[in-house]
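Visitor: Listed below are the residues making up each chain.
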Amino acid sequence: MSVATQEKAKRPPSLLRAVAGAPRGLRWALLAAALAVTLWLPNGLYPAVAVDILCWALFAVAVDLLLGYTGLLSFGHAAFWGTSAYATGLVAIHAGVPFPVAVLAGALVAAALAAPIGYLAVRRTGIYFAMVTLAFAQMIYYIANNRRGLTGGENGLQSVPRELFGLDLTDAYYFYYAALPVVLLGLWAAWRIVHSPFGRVLVGIRDNPARARALGYPVHRYKLLAFVLSAFIAGLGGGLFAMAHRFVTLDTLHWTTSGKAVVMVVLGGIGTLWGGVLGAALLVRLEDWLSFSGFEAVGLVTGGLFIVVVLVFRRGLWGTAADLLRRRLNR
Amino acid sequence: MAETVLATHALTRDFRGFRAVDGVDLAVAAGTVHALVGPNGAGKTTLFNLLTGFLKPSGGRIEVAGRDITGLPPERIAALGVARSFQITSLFPMLSAREHVELALQGRGTLGWRFWRSAKLLGRYRARADELLAMVGLDELGEAPANALPYGRKRALELALALALDPDVLLLDEPTAGMGLEDVDRTVDLVDRVRAGRTVVLVEHNMSVVGRLADRVTVLQAGRVLAEGPYDEVRADERVITAYLGAADAAG
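Line by line, the protein sequences are chains A and B.
Anchor point for the first sequence: position 191 equals 191 in UniProt numbering, and the numbering is continuous, going up by one each time.
Anchor point for the second sequence: position 179 equals 179 in UniProt numbering, and the numbering is continuous, going up by one each time.
For the record, the hints were derived by calculation from the structure and aren't laboratory data.
Treat the numbers as computed from the prediction; the structure is a model and nothing was measured.
Take the hints with a grain of salt, since some may be wrong.
Listing some non-contacts, in silico: residues in chain B with all C-beta distances to chain A over 12 Å [as the list claims (entries may be wrong)]:
hint, residue
1, T4
2, G17
3, N49
4, T52
5, E75
6, A78
7, A79
8, L91
9, A146
10, G197
Partial list, derived from the structure: chain A residues whose beta carbon lies under 10 Å from chain B [said to hold, decoys possible]:
hint, residue
11, A29
12, L30
13, L31
14, N208
15, L225
Quick list of simulated restraints, FRET-style, between CB atoms [to be verified]:
hint, chain 1, residue 1, chain 2, residue 2, range
16, B, G71, A, R328, 33 to 41 Å
17, A, G153, B, R67, 32 to 40 Å
18, B, G109, A, Y177, 41 to 49 Å
Backbone N, C-alpha and C define an ideal beta-carbon position, used for all residues, glycine too.
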């Protein structure tokens with residue numbers, strides 16, 4: 001406990017905070033560079049891989065909102081990613097609405113599901129919170145597997161239409177640009193939440209829940225709202241994922257999917273927000289490259305990478321980069 | 001006698017067969033400074049935690065301004081105008097001193113729920129936050145991260161947080177614990193200034209502080225009320241001298 005407190009004594013590694021002391025020009029240059037990379041991405045990678053990166057980036061940022069800014073490790077976020085994927089697919093199949101509307105509907109279903117799960121889960125912290133979320137996610141998995149009429153069971157939900165005012169989005173290259181606004185909206189929402197009065201309270205609750213309660217903050221209710229918001233953003237990612245692949249499988253609800261999002265956050269840096277984007281890009285690209293090269297033991301390499309990053313860059317890739325930049329600027 | 005603002009009736013708390021607070025009847029009159037004293041393990045901090053909802057009583061009742069608050073959670077009790085400080089400094093390591101006070105001021109409104117607005121909105125509390133920081137002698141240190149403050153200044157920030165809630169009842173758990181003489185004097189002056197219009201309950205080991213501030217003193221021993229009355233009266237009580245003051249003198 002005291003060790004954790006000492007570690008927190010240092011200010012969090014935030015590239016934004018590092019840059020906040022930097023000349024305005026540098027800040028805009030970094031933002032412009034990030035935007036340029038985002039716009040160029042499907043030209044440099046397989047477009048389908050670029051789209052996957054977008055989806056997982058939303059998922060990882062959602063997990064970091066809880067893990068990094070609320071101090072809650074959810075090990076069951078696949079429940080929201082997958083539920084939104086199925087809901088988005090079903091809405092698209094049965095309602096034939098433009099795909100962003102279907103994704104939004106899916107994310108709302110995920111948020112609605114998060115309300116009762118969160119209500120019970122936020123009463124616990126640490127490993128118990130992780131286990132409760134995992135248990136709920138497993139329940140959702142089995143329900144999806146059993147309700148074959150709705151979800152297609154092991155066959156998955158097939159032929160999800162990808163509709164946007166009659167535009168031809170069959171090509172992943174074009175779908176990338178169609179999906180990008182939804183992703184940027186989700187990322188902006190996460191940034192807004194972290195830098196809001198609510199976000200300030202969350203950090204207080206994370207660092208000292210007893211003190212926050214003594215100041216009059218209903219800690220459980222704040223955590224619950226953070227949980228629901230996080231599920232909504234994860235749901236945006238999951239819905240887009242369903243649209244990207246045009247089918248939904250049970251894998252989207254599997255516990256390894258929850259684990260993958262957590263790994264992405266740790267790779268990028270816990271409590272850095274954009275670190276999750278970096279972690280998602282790295283992991284998705286690496287997995288694709290390994291499977292394309294015919295290498296079988298993908299987990300061996302990603303697991304090895306995870307261990308190296310955790311041991312060498314304790315603050316994750318983004319956090320370490322922010323530290324280096326800050327030291328440069330302060331010199 | 002003035003109206004009772006904080007009262008307990010046969011308040012009891014057990015920890016696995018150990019009775020930390022044992023049938024305590026307490027009546028704190030409005031507008032007074034009421035000190036709780038007693039040797040270590042007498043149940044003072046447990047009593048504080050019961051009064052502020054951090055512990056649930058095993059038996060008995062707690063009333064604030066005639067309203068039964070037994071079993072309410074800490075945030076509800078805080079919202080009813082009962083603020084506390086902590087014996088062991090309890091701050092948010094990442095936030096600056098001013099951000100601490102802003103967070104405390106924000107607690108009463110609904111701003112904390114607005115996840116769609118900018119944190120810059122907290123600027124509306126800035127003037128009041130700076131006033132409070134100046135009041136506790138932290139005016140130069142508003143930007144400093146809390147964990148970088150020296151110990152005495154952390155205690156001062158602890159007080160500023162409780163004051164930010166503008167409470168009717170202010171519960172201070174050893175506000176001068178571990179302080180140097182100069183800081184003790186400053187804290188005593190501060191409590192003397194902010195007591196106007198409030199009721200203060202004070203846990204304190206430093207008898208000179210109790211003597212300077214307290215209108216009434218309750219002496220606890222082994223979870224029970226040993227004696228109660230004005231400071232001079234309690235100080236002269238034989239049982240109290242044996243149980244506490246005598247022991248302290250012998251130790252000193």
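Visitor: The structure should be examined with respect to each hint, and the outcome stated for every one.
Guide: A quick look at each hint next to the structure:
{"no.": "1", "hint": "T4", "in the structure": "23 Å, holds"}
{"no.": "2", "hint": "G17", "in the structure": "25 Å, holds"}
{"no.": "3", "hint": "N49", "in the structure": "10 Å, violated"}
{"no.": "4", "hint": "T52", "in the structure": "7 Å, violated"}
{"no.": "5", "hint": "E75", "in the structure": "5 Å, violated"}
{"no.": "6", "hint": "A78", "in the structure": "4 Å, violated"}
{"no.": "7", "hint": "A79", "in the structure": "5 Å, violated"}
{"no.": "8", "hint": "L91", "in the structure": "7 Å, violated"}
{"no.": "9", "hint": "A146", "in the structure": "10 Å, violated"}
{"no.": "10", "hint": "G197", "in the structure": "19 Å, holds"}
{"no.": "11", "hint": "A29", "in the structure": "23 Å, violated"}
{"no.": "12", "hint": "L30", "in the structure": "20 Å, violated"}
{"no.": "13", "hint": "L31", "in the structure": "17 Å, violated"}
{"no.": "14", "hint": "N208", "in the structure": "5 Å, holds"}
{"no.": "15", "hint": "L225", "in the structure": "7 Å, holds"}
{"no.": "16", "hint": "G71(B) x R328(A): 33 to 41 Å", "in the structure": "55 Å, violated"}
{"no.": "17", "hint": "G153(A) x R67(B): 32 to 40 Å", "in the structure": "56 Å, violated"}
{"no.": "18", "hint": "G109(B) x Y177(A): 41 to 49 Å", "in the structure": "42 Å, holds"}
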